[in-house]
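Peer 1: Chain B: place on chain A using the hints.
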Amino acid sequence: MELVPQIIVNGLVSGVVYVLIALGITLAFSILRVINFAHGEFYMLGAYIAYYFSVELGLNYWAAFPLAVLAGGLLGAAVDQVLLRRVGRELLKTLILTLGLMLILQSAATFFFGTQEKAIPSPISGVLRSTYLTIPKEKLVIVLICIALITGLLVLVRWTKMGRAMRAVTQDRDAALIQGVNVEGVFAVAFAISCGLAAAAGALMATVLPIGPFMGSVPLLKGLTIIILGGMGSIPGAVVGGLILGETESFITFYANPLASQLVFFVLIILILFVRPRGLFGVE
Amino acid sequence: MLSKRWKVILACFILALLLILVPLLLNDRYLHLLIVIACNIILALSIRLIFLAGELNVGHAAFMGIGAYTSALMATRLGLSFWLCLPTAAIVAALVATVIGFLALRAKIKGWYFAILTLAFAEAFRLIVTLWKGLTGGATGVLDVPAPYIHIPGLPVVDFGPKLNYYYLALALVSLTWVVMSRLEHSRFGLTLTAVRKSDVLSESVAINTIKYKVIAFAIGCAFAGIVGSFLAHYYYYVSPYEYTLHQTLYMLLYALFGGIGSLAGPVFGATILTLLPEFLRIAREYEPAVFGFILIITIWLLPDGLVGLRKYMNKVLVRV
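Which chain is which? The protein sequence lines are A and B, in order.
All residue numbers for the first sequence refer to my numbering, where the first residue is 1 and numbers rise by one.
All residue numbers for the second sequence refer to my numbering, where the first residue is 1 and numbers rise by one.
Honestly, the hints are just simulated from the structure, not real lab data.
Ideal placement from N, C-alpha and C gives every residue a C-beta, glycine not left out.
Don't take each hint at face value.
Beta-carbon label-pair distances, calculated as ranges [to be verified]: (1) A/57 with B/172: 53 to 63 Å; (2) A/119 with B/242: 17 to 27 Å; (3) A/58 with B/146: 55 to 65 Å; (4) A/118 with B/25: 41 to 51 Å; (5) B/84 with A/114: 38 to 48 Å; (6) B/287 with A/118: 13 to 23 Å; (7) B/32 with A/209: 36 to 46 Å; (8) A/117 with B/132: 27 to 37 Å; (9) B/103 with A/259: 21 to 31 Å; (10) B/287 with A/209: 17 to 27 Å; (11) A/156 with B/32: 47 to 57 Å; (12) B/155 with A/259: 42 to 52 Å; (13) A/175 with B/113: 23 to 33 Å; (14) A/214 with B/113: 18 to 28 Å.
Computed from the model, here is a short list of chain B residues facing chain A with C-beta under 8 Å [as the list claims (entries may be wrong)]: (15) 108; (16) 173; (17) 253; (18) 294; (19) 300.
Just chain A, same shape as in the assembly:
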């Protein structure tokens, strides 16, 4: 039983990273009405860009991190304006476009970096220790940065002009357009933030997990589980869902095995879709 606090803390660390990923998916879904199936690849991209700048170019990790986020965001805006806009963000076409993008980004990563796994040496070392808990400082920093980013997003959506425009577009696209909201601009910014958050999550996790071209598929599926659990398009849903998922996974991985915990997620997705399709916080 003395391991329980440790399991909870481990769950919290992965939980906040899941929240970042899920927030990105939920933002794109509520504002653009699209699900980006290449979302996990932006996560992977963030990890590789951070790796490229910090290891291959020898930059400080804390300089590489914002660059990775920025690159993810810019690419996201470009994907939205060049690809998604062209097909009218229609369901099937978007789905197929983003699935195609997934294949391309995975191959691009293989092309530039090979299939061998890479690693970023941790920028912070040292461990906080107490009777029941051992927390590596790097994980603590990851949690703090994630919380800062999540708070930043909440502040943006709630209290800024852009946030108000986003909420207006979510409620009624046409009405927002009539009121003079630059809807395309909101779409581009929202998709950029969505992809930037995924890149941030990837760049952070790259310091503790191995980096590979196919690292994105698991976070995508977890992100989807979370937004289905929390309610598609709900920000509080994404936060609570992410934390629940992180903790559940931490416990199942500890007491059973990682494959079993993955299976639990998929079964969870299916069950929630049947029992409560709008999720915990969704409205409809």
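Peer 2: What follows is chain B alone, placed relative to chain A:
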């Protein structure tokens, strides 16, 4: 001059003759390609049928997997004949699809939600197969799946060792798929499906049971995926969980979309060209996904109606010129 009807019949006859006779001259490598093309055509046609009902099955590969495992386990554990395994595989895949489709659509799971549901189902299937070592052999899969053979008393045994026999079997399966699909499409059922796809609310208002039609399309589509799964299990002599991934489903979608989902010919062209393409371009295996990804995006971007749509477009341009 021959009438149009006779021209079509003649063209079909010549095509059939070519498909039957030419492979006699081909070596194993090309026969293998033709067999793979045949399987991909069936998969593309079957995923298109579900598409026509307005839903996207992101788990099509899993239904292929269900067929493959059903068939492989029946043949290896129970020692049953391939000719019994193949239809059973189709029926099991269709049954699973019926249950999932019925429950999902009744719970109003459609559009994005249906896509995610099928994705989750496909991943769950893969993990269950990997974890349930006692039944499925886990990650190793089921090995030594026997080749089919035909034994009619009084006639010599036809063994499926040589690829040519497999080719004829695949050809028969493609023909079956084509006949079923075109009969469906040109029937009342096909028209109703189109109505359901265009607007399910409107269809319901004219007393069409949309759930019923969607479930039937889903079940038939998945049955054909099951048939391909069963065929490939016996053709490759093994099944493993790594064969039935999201990538597989993506390729099937790509075949259908690249050719154009507006007509039956579209997926046939799409599957044929895209199966041959990597073979002739000699693309390294690891970059194949990128090439396919580009084709996928360019198709959606520039050819919304696929290759078949391109011909119509060219006609329009030529008329204008």
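Peer 1: Are the hints correct? Go through all of them and say.
Peer 2: We went through each hint and held it up to the structure:
no.	hint	in the structure
1	A/57 with B/172: 53 to 63 Å	59 Å, holds
2	A/119 with B/242: 17 to 27 Å	26 Å, holds
3	A/58 with B/146: 55 to 65 Å	59 Å, holds
4	A/118 with B/25: 41 to 51 Å	50 Å, holds
5	B/84 with A/114: 38 to 48 Å	47 Å, holds
6	B/287 with A/118: 13 to 23 Å	19 Å, holds
7	B/32 with A/209: 36 to 46 Å	40 Å, holds
8	A/117 with B/132: 27 to 37 Å	29 Å, holds
9	B/103 with A/259: 21 to 31 Å	26 Å, holds
10	B/287 with A/209: 17 to 27 Å	25 Å, holds
11	A/156 with B/32: 47 to 57 Å	56 Å, holds
12	B/155 with A/259: 42 to 52 Å	49 Å, holds
13	A/175 with B/113: 23 to 33 Å	25 Å, holds
14	A/214 with B/113: 18 to 28 Å	26 Å, holds
15	108	7 Å, holds
16	173	27 Å, violated
17	253	6 Å, holds
18	294	6 Å, holds
19	300	5 Å, holds
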